[in-house]
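Throw the hints in and build the complete structure from the sequences for me.
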Amino acid sequence: QTVWGMEKADLALLKNVVYRLRKKLEEETGEAALIQTRPGGYSFLDL
21 QTVWGMEKAD LALLKNVVYR LRKKLEEETG EAALIQTRPG GYSFLDL
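At position 36 of the sequence shown the residue is numbered 56 (the numbering used here), and the sequence of numbers has no breaks.
Certain hints may be false.
[To be verified] With a straight-line cut-off of 20 Å between C-alpha atoms, the simulated EDC-like cross-links for lysine to aspartate or glutamate are: (1) 35 x 46; (2) 35 x 47; (3) 43 x 66; (4) 44 x 66.
I should point out that these hints are in silico values taken from the structure, not numbers from a laboratory.
Structure, rendered in structure tokens:
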């Protein structure tokens, strides 16, 4: 919310964007779960 100024209705959009980003990163790197779901948001896995 802080970064995008989103309302709750936009949560579905954010989840979809993260889903697509995860799939693209997995295709490019062969690594699953580079983006982790955390309480209150998401984080990148340390490589």
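Tested hints:
1. 35 x 46: Holds. Residue 35 to residue 46 sits at ~16 Å (cutoff 20 Å).
2. 35 x 47: Holds: residue 35 and residue 47 sit about 18 Å apart, inside 20 Å.
3. 43 x 66: Judged against 20 Å, a Cα distance of about 18 Å means the pair holds.
4. 44 x 66: holds, 18 Å
Of the numbered hints listed earlier, not one is contradicted by the structure.
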